[in-house]
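Colleague: Input sequences plus hints: build the corresponding full structure.
Letter by letter, the chains look like this.
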Amino acid sequence: EPEVTQTPSHQVTQMGQEVILRCVPISNHLYFYWYRQILGQKVEFLVSFYNNEISEKSEIFDDQFSVERPDGSNFTLKIRSTKLEDSAMYFCASSEFKENEQFFGPGTRLTVL
Amino acid sequence: QKEVEQNSGPLSVPEGAIASLNCTYSDRVSQSFFWYRQYSGKSPELIMSIYSNGDKEDGRFTAQLNKASQYVSLLIRDSQPSDSATYLCAVNMFSGGYNKLIFGAGTRLAVHP
Chain G
1 EPEVTQTPSH QVTQMGQEVI LRCVPISNHL YFYWYRQILG QKVEFLVSFY NNEISEKSEI
61 FDDQFSVERP DGSNFTLKIR STKLEDSAMY FCASSEFKEN EQFFGPGTRL TVL
Chain P
1 QKEVEQNSGP LSVPEGAIAS LNCTYSDRVS QSFFWYRQYS GKSPELIMSI YSNGDKEDGR
61 FTAQLNKASQ YVSLLIRDSQ PSDSATYLCA VNMFSGGYNK LIFGAGTRLA VHP
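Chains G and P, in that order, give the protein sequences. Just so we're aligned, residue 1 is where the first sequence starts under my numbering, counting upward by one. Just so we're aligned, residue 1 is where the second sequence starts under my numbering, counting upward by one.
A hint or two may mislead.
[To be verified] Result set (DSS-like, lysine-lysine): computed pairs, CA atoms no more than 27 Å apart in a straight line: (1) P/42 to P/56; (2) G/98 to P/2; (3) G/83 to P/67; (4) G/83 to G/98; (5) G/42 to P/42; (6) G/57 to P/42.
[Unchecked claim] Some residues of chain P that are not near chain G, with every Cβ distance over 12 Å (derived): (7) 53; (8) 62; (9) 64.
Simulated from the structure, these hints should not be mistaken for lab results. All C-beta atoms, glycine included, are put in the ideal place defined by N, C-alpha and C.
Modeller: Written out as structure tokens, the structure is:
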């Protein structure tokens, strides 16, 4: 069964460093998303992406964040200068159509020291 | 602020009983509703989607939707210890023409033998 994959599973970085989180969405899906979950808190929407551009972004998704689909399979989230409060699980999700079910990857645990 | 509300629990039920999980949402124009299961330290796993008023059954799971009351629920029949997890209600907020999921905080379910 097709699934969303994410790498790395765990990323440890120093405050101020740049990180890139990678995702491979399900192959026939057209809509891609990033969510994050701070430990013990809700899953929060960050950004949605369709047709090679951002469809919508939350207030969390400020200038420090960017997304890219560098090739036909990967979808990346870049955090330019990490802060302690960026420590969270980051989930990539994809859906076939815009109102359809979103399927989540296993997540990347980001720890900012 | 568009919200999704759930009772945080824990909801404790004996093995074999019916577990009833509830969710209310604030955005009247929402059209798509989802239940995800999340085990500790893992990503959300889609278990049910529902788009129209009424009941939808899939195996031991039944989702119920009442758009007039802005209420969605999940029933789990013949609960098993392996069902012990946090159940997340998610609502598709169709803002700006593209979807994003707004999650509730989740209800912790504990099924005891």
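Colleague: Checked against the structure, which of the hints given earlier come out wrong?
Modeller: 3, 4
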